[in-house]
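Please work from the sequences and hints to get the whole structure.
Number of protein chains: 2
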Amino acid sequence: MPAFDEAASRVGPPDAAAAEEARRRHDRLTKPAGSLGRLEDAGVRLCAIAGFCPPPVPQPAAVGVFAGDHGVLAEGVSPWPQEVTAQMVANFCAGGAAVNVLAAHVGADVIVVDVGVAGDLPAHPRLRSAKVRRGTANLADGPAMTLSEARQALDVGAQLAAGLAESGTRCLLTGDMGIGNTTPSAALIAALTGRAALEVTGRGTGIDDERWAVKVRVVESAVSRAGDVTDPVELLATIGGLEIAALAGFVIGGAAARLPVLLDGVIAGAAALVATAILPECAGYLFAGHRSTEPGATAALDHLELKPLIDLDLRLGEGTGACLALPVLQGAAKILRDMATFESAGVTEDHG
Amino acid sequence: MPAFDEAASRVGPPDAAAAEEARRRHDRLTKPAGSLGRLEDAGVRLCAIAGFCPPPVPQPAAVGVFAGDHGVLAEGVSPWPQEVTAQMVANFCAGGAAVNVLAAHVGADVIVVDVGVAGDLPAHPRLRSAKVRRGTANLADGPAMTLSEARQALDVGAQLAAGLAESGTRCLLTGDMGIGNTTPSAALIAALTGRAALEVTGRGTGIDDERWAVKVRVVESAVSRAGDVTDPVELLATIGGLEIAALAGFVIGGAAARLPVLLDGVIAGAAALVATAILPECAGYLFAGHRSTEPGATAALDHLELKPLIDLDLRLGEGTGACLALPVLQGAAKILRDMATFESAGVTEDHG
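The listed protein sequences correspond, in order, to chains Z and P. Just so we're aligned: the first sequence equals residues 1 to 352 in the numbering used here. Just so we're aligned: the second sequence equals residues 1 to 352 in the numbering used here.
Honestly, I wouldn't trust all of these hints.
Which residues of chain P face chain Z? A partial, calculated answer using Cβ under 10 Å [what the hints assert, rightly or not]:
| hint | residue |
| --- | --- |
| 1 | Ala33 |
| 2 | Ser35 |
| 3 | Ala42 |
| 4 | Pro81 |
| 5 | Asn91 |
| 6 | Ala98 |
| 7 | Leu304 |
| 8 | Leu306 |
| 9 | Lys307 |
| 10 | Lys334 |
| 11 | Gly346 |
If you are wondering where the hints come from, they were derived from the structure by calculation, not from laboratory data. For each residue, glycine too, the CB sits at the ideal point set by N, CA and C.
Laid out in structure tokens, this is it:
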């Protein structure tokens, strides 16, 4: 069975009994009930994902940075040339990019996966070669890729998740690289949330009004062309990207392994929408690392009913926002594991 | 010279040239300009504080947890009995409280300071005894403490900051413990921001409507009684708390040592308002760890023009929100220190 289908067949719902046990435990810890706010919610969800309480600390963690190129770049949606995707992959391998710095800071591994970079990439221990094709076709002219290519890319992501889980990784972080990839992300978000292109199309790496207007038109026409596509995998093939498809597979692979999946920004948001459209149960395994300033990111989070752990106006991608959020998630687990209870500490409870 | 006066005499403005150098460096790093949002701003401010770029990573870090009791508890402003302050100090010493768990998680030391706990506390290596008095007087009846006691408490905080700086600590985090201390905090915030008691008085550890109405009346009358007090130290004495005064001294001590001071929640917000009222220059050394759900916290942050690094609906205090934010601040420094530039990585810049 292909890795993706195998993963999808194994995803079950999070464990409600473990969540309830975590809620009860929170109320016995030496703090006013509920006073750790959304950190408590995160701890409860980690228990539901693991199936027991206290939950394992989400550590070691790994960022899967999936890279791909985009034929839609020909429409002028980004000021950055396509070669930058490959150059940044080299930068990830050398350890000089933002995601390397922040991943090292929080103790997460970085695994770079070439799922569809246009150029050739020299071999590197940090780089996995899983090129499905050399960049997508221009989604403004026709489908970005074939259905078979979309499935292959889903497999690439699911395979990485399964391999990481098998080698003991306890938390998956999503990362991405692909010049032009906010355009297919906006298209997928519009198609899957029902929002207008104008609402979900942002400035990506920072584009001017003219280029933005072009981008909105490209997204509008892509969404309209995909209007009668109901199958999420076909939607990926029609208006998606190779790294987005791989990320959707990564998300479902993480859920299959009962691991928390910490999403980065707007590209991850698009991938998570696709993953939950394929398999709604995987939503229970997702955490939003941060809220990107890209408007599509907020639309995706709203649709996924996720609140971000960090909100610092980031819009870089690569997995940087997920890395910054990892210590928060780990802290949520340690609160449940390590705090004293009222009884054990001899602390008097409130008098109502 | 008393520790506080000595510290206050040494506080200078942050270094604008180092900040400008950091901005220029950010624009050379391999990422779209400005794409790390407020993480970039934090890095710029760390350079301004240190006086050079890249800035030192704010590490090692220490949480100063100042503990004191409050005579105003007699008014029924909290459902927790006064003895819980001492019990929680014992819990901090034993390592079982939330601040212990989160400080250990982020690699920060916890130093507990008894600046005004009512009861006797057994000696412990983690506890510094600097009791100025056994809890404040009831601020609903008269001044919470004398001017001399307020100055002594300021000294306690400034002394701890100076000692930590001398032993190599590179980041100060604020923490607090004191049953009833959201009441004097709300009073100080109302007095120093000009907001109404109703706007800045919250539910603290979680009180019902009836108790909250009592608390609002207590805050209103305290603020009205302090109406003609213009000297911030006299304000502390009139409607403050011993741990709040110590925290104000800690803030100014940190600024004097040119260290970043990472504020926790509403108690820290009140202390920071007092500190900046005494010495406006210390504002440049402050970072808001998080936004407490206490309404006074937001009022204080607005007045201080600080945006929180974390916003997770916490309302525990102890320093927990500051601990959760520490990895973000450290990440901001590492971005400036460790990322590759466009030149060094051979990455093409955008074509505008």
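Evaluation of the provided hints:
1. Ala33: Interface hint status for Ala33 of chain P: holds (7 Å vs cutoff 10 Å).
2. Ser35: holds (4 Å)
3. Ala42: holds (8 Å)
4. Pro81: Status holds, d = 6 Å.
5. Asn91: holds (5 Å)
6. Ala98: Given a least distance of 5 Å, the restraint on Ala98 of chain P holds.
7. Leu304: Violated, about 18 Å.
8. Leu306: violated (13 Å)
9. Lys307: At about 9 Å, which falls below the 10 Å cut-off, the nearest Cβ of chain Z leaves the hint on Lys307 of chain P intact, so it holds.
10. Lys334: holds (5 Å)
11. Gly346: holds (6 Å)
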